[in-house]
Amino acid sequence: MAQTQSSQTNYPVIDIDPHFKRVVRYFRPSDYVVWAGVTASGPAFMLMMGKEIERTGGPSKGLPIALKLSTVLGFSAGFLLSYQRSSLRFWGWTENSKEMEKDRDEMAKLLEKGEPLYGPEHMDEFNQKASSWFSKYSALKFSSIPWFNFANHRSHGVDPKKYENN
Numbered sequence: 003m004a005q006t007q008s009s010q011t012n013y014p015v016i017d018i019d020p021h022f023k024r025v026v027r028y029f030r031p032s033d034y035v036v037w038a039g040v041t042a043s044g045p046a047f048m049l050m051m052g053k054e055i056e057r058t059g060g061p062s063k064g065l066p067i068a069l070k071l072s073t074v075l076g077f078s079a080g081f082l083l084s085y086q087r088s089s090l091r092f093w094g095w096t097e098n099s100k101e102m103e104k105d106r107d108e109m110a111k112l113l114e115k116g117e118p119l120y121g122p123e124h125m126d127e128f129n130q131k132a133s134s135w136f137s138k139y140s141a142l143k144f145s146s147i148p149w150f151n152f153a154n155h156r157s158h159g160v161d162p163k164k165y166e167n168n
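Just so we're aligned, residue 3 is where the sequence shown starts under the numbering used here, counting upward by one.
By construction, these hints were calculated from the structure, which means they are not laboratory data.
Keep in mind that this is a model prediction, so the values were computed, not measured.
No residue lacks a Cβ here, since even glycine has one placed at the ideal position from N, Cα and C.
Misleading hints may appear alongside valid ones.
Unchecked claim - No farther apart than 25 Å at their CA atoms in a straight line, the calculated lysine to any residue pairs in the SDA-like style are these:
1) K70 <-> L83
2) K143 <-> L65
3) K138 <-> K70
What the hints assert, rightly or not - Pair ranges (Cβ atoms, derived):
4) G39 <-> F136: 25 to 33 Å
5) L142 <-> L65: 15 to 23 Å
6) N12 <-> M125: 15 to 23 Å
7) A110 <-> Q10: 20 to 28 Å
With the sequences and hints as input, model every part of the structure.
Structure follows, in structure tokens:
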């Protein structure tokens with residue numbers, strides 16, 4: 003299967019198309035802090051605006067609905083931002099030493115068990131390629147559509163033989 007040409011990065015590439023579960027499993031505590039901060043910023047902004055409206059004498063009957071909506075939007079935006087931060091580490095675009103170590107350990111265990119490195123494949127080769135075409139670097143496209151990799155395939159932009167030496 004043809005590998006995608008990847009750009010030069012300052013850090014080692016772990017996976018250019020990681021599975022959704024893997025990206026979330028590799029979240030750092032700082033990703034959860036970012037997620038919580040973005041989630042809290044929506045309602046905080048709405049409360050600030052509600053106080054301003056009350057101060058000027060306007061009605062604030064819609065504030066509870068606005069708070070709920072801003073919480074949901076903040077929660078979603080916070081998750082997407084945290085997911086993107088984790089994906090950037092997989093791609094080698096930001097510091098990823100902890101992820102490299104975790105990846106090495108995880109892949110070594112899979113090799114010992116004789117299991118496929120990227121999970122069992124349930125699709126033919128064409129559908130695997132199509133799946134990887136659509137989901138590679140998808141965390142960069144969150145502004146247009148949130149797209150995640152839920153499929154197991156062989157196209158991850160790294161040579162699986164690098165795990166055999168460990």
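Cross-check of the supplied hints:
A distance of roughly 20 Å separates the Cα atoms of K70 and L83; the hinted pair therefore holds under the 25 Å criterion. Distance check on the hinted pair: K143 and L65 sit about 32 Å apart at the alpha-carbon level, beyond 25 Å; violated. Taken as a hint, the K138 and K70 pair is broken in the structure, with Cα atoms around 33 Å apart against an allowance of 25 Å. Range check, G39 to F136: about 30 Å between beta-carbon atoms, so the 25 to 33 Å window is met.
A hinted range of 15 to 23 Å for the beta carbons of L142 and L65 is inconsistent with their spacing of about 35 Å. Under the hint 15 to 23 Å, the C-beta atoms of N12 and M125, about 34 Å apart, miss the expected range. Between A110 and Q10, the C-beta spacing of about 27 Å keeps the proposed range 20 to 28 Å intact.
Against the hints set out earlier in the document, violations occur for numbers 2, 3, 5, 6.
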